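Enquirer: Below are the chains, spelled out letter by letter.
There are 2 protein chains.
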Amino acid sequence: MRQTKLFTKTRREDPADEVAKNAKLLIRAGYIHKEMAGVYSFLPLGLRVLEKIKNIIREEVNAIGGQEIMLTALQDKELWEKTDRWDDIKVDNWFKTKLKNGSEVGLGITHEEPLTQIMKDHISSYRDLPVYAYQFQTKFRNELRAKAGIMRGREFLMKDLYSFSATEADHQNFYAQARSAYVKIFQRVGLGDETHITFASGGIFSKFSEEFQTESEAGEDTIYLDEQKKVAINKEVLSDEVVAELGLDRKSLVEKRSIEVGNIFHLGTKFSEALGLVYQDEAGKSMPVIMGCYGLGPSRLMGTIVEIYADDGGLVWPLAIAPFQIHLVALGNTPAVITGADNLYEDLTKQGVEVLYDDRGLSAGEKLADADLLGLPYRVIVSDKTIASGQFEVKNRRSGETSFAGATEIIALIK
Amino acid sequence: MRQTKLFTKTRREDPADEVAKNAKLLIRAGYIHKEMAGVYSFLPLGLRVLEKIKNIIREEVNAIGGQEIMLTALQDKELWEKTDRWDDIKVDNWFKTKLKNGSEVGLGITHEEPLTQIMKDHISSYRDLPVYAYQFQTKFRNELRAKAGIMRGREFLMKDLYSFSATEADHQNFYAQARSAYVKIFQRVGLGDETHITFASGGIFSKFSEEFQTESEAGEDTIYLDEQKKVAINKEVLSDEVVAELGLDRKSLVEKRSIEVGNIFHLGTKFSEALGLVYQDEAGKSMPVIMGCYGLGPSRLMGTIVEIYADDGGLVWPLAIAPFQIHLVALGNTPAVITGADNLYEDLTKQGVEVLYDDRGLSAGEKLADADLLGLPYRVIVSDKTIASGQFEVKNRRSGETSFAGATEIIALIK
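Same order as they appear, the protein sequences are chains A and B.
All the letters of the first sequence, read from the start, carry residue numbers 1 to 415 under UniProt numbering.
All the letters of the second sequence, read from the start, carry residue numbers 1 to 415 under UniProt numbering.
Everything labelled a hint here was simulated from the structure, so no lab data went into it.
Since the model is a prediction, treat every value here as computed from it, not as a measurement.
All clues given are correct.
Computed from the model, here is a short list of chain B residues facing chain A with C-beta under 10 Å:
1) A37
2) F95
3) K100
4) A133
5) L144
What the simulated footprint calls covered on chain A by chain B, stretch by stretch (three residues with Cβ under 8 Å from a Cβ of chain B suffice, anywhere in the stretch; the number is not a length):
6) 7 to 19
7) 31 to 41
8) 64 to 76
9) 90 to 98
10) 113 to 123
11) 133 to 146
Idealized CB from N, CA, C, for every residue including glycine.
Construct all of the structure, not just a fragment, from the sequences and the given hints.
Expert: Printed below as a string of structure tokens:
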């Protein structure tokens, strides 16, 4: 894409009303726009990152048998009363509104209830199980505070996967597959090294749930990590008993600040019993379906990557989720530079490389500062100097390393 | 996809609480689920149709320079007060809710206000214009009645495109391009013949807007169509004066029921003046930006296609938007049939054909009735008889024509 066509502009100053690094940088770089605290619109570059993250998640969840669906925001009060999650005293972050006839409805905070209800139409026998269904969908949570940018939104995108199994063994088998899929997702988006499976509170359904916690000073959570064994415990559940149960030693646990980027839960039969989702087993006996849920927020993940990767110059994107792979920057406006840059842009684009081409009539200083701020993985300079040398200057945004390369070598960097 | 893996089931009976044909059939076929009146979840087959429609729209809107974004549902009261569209007396279909601090917020009914506000950060000079930005986003409208299935939702998906131009000539030029893009979209999804550009009320911004109205008895609108000239007038604005102005003759106008599947509006400077979106022209003079908006609801379009195409047997999908292109149905459970069907499934899938493979252990009658109900464009039968003949039986769902073909010919039908 030619940058003269991209409608977003960058700005030099941090927005005055943001404290989170991710929000400051994403707003300055024109990736997002703040509508109100915890509510952000995604502009073209930001949406491209979000869609790439979604696609990685989609591929990994499809690979373990997930079927994609799209549930609704508007929620029926009666359904949530059956599981005792409607009352504001029980669940304190609902947004609620009313239909014209006066009926109260809520905006979905999560979707166990409606999906369990849907499954009553489609599951009746053990032959109908297992079922794995997921969605990318907007959640609404009326948070008291929302100062963490896109890491904690009042309105935010969530991937939520739900499993429906006949037996505990089937459930555990899928739960392990979902855990492995999550590990792959965090590796693919560039957070593999910093993200740890963490034992956390299981709620009333099971002793533990597992969280995926990414080390970051920007996090709201505290975990205790055994760096050798790659196992962590959330501070919420840390006790001598738990440490012993997990075969760990308090002395080898290091305290870390971290961001919860995903979680996987055993739900047991809580929802299926409350809402009547049962199946007939092989003997003809009616049994409640065993459920699990697996959450992962693409927008929170995007914010986390900003927190981990960004540097003083601005954003830094891993190749797999960058809005464009190459930032082609033409410096100078001689016919040779313009023709050279135009030709390289066409060459790379034809080869399927995603190129943002800075063809704007700005100074070299402005263009290079913007390239750093936007954070694309490779910056390729075309100038009178590079044309004289017969090669282009390529800078790796993350490492800062500069080299000289031809078009073929640039394509090889990406593939 | 193997149908044994698809979690949705069909049902023989119409849902008791639906009057619209689209809702009845889509629910019976397991494409959607009703959460409450006018609020539907999309199940795997339904979501596949919706995504195909979105992709066609996306391709055509990108082709005229649209940049995709994603705005939010939660809306700031103060912004909408500036354009006098907050008060329930002025706009009667808001859903409103409250933040924890008591501030009232709305759920987006449309997005002129927030996008105009965003553009103030990105447009300051004539050099920054034109800008065309669009999104696929959930709209919330608190309709008094919602009995038209997915054709009129309280919560529904909308593609809304907004144009920002410096001059009236630039605006008119883009408006004409958007009109042409819409014509292509309706052709590609299979509604080209039945859809007519219709003069309708322009609101306060211009004399007329243009609607795209699809002929259907299920429609809520009435239009007067000149079938020769392919021009229509919405009943709302029909008068001798308008008929004369458009160079038409009352005697050649035929009354039709129709569904409004899209509309394109001149917005003038209403929003840019109210919200202060100005640019400096070449002479350095501050001018309000000229806007247009272009709406098209993918879910309404999907419902309209059901209304137009479905027959007594069930749904009928045009090839371009069908959830799968081929419904491969194995009849009988002899090893020859199973192997033959498995092999054809793999062959077609490898060639990039989208196949739903009915590998379920049900009777021929149940499988054929389900194939009709699901409405995929081509049904391919593998049975002992077809194996003996060396060819497969192929039925065109829409025309009902049956022929015999090999795998290569089946692939040729799709490409």
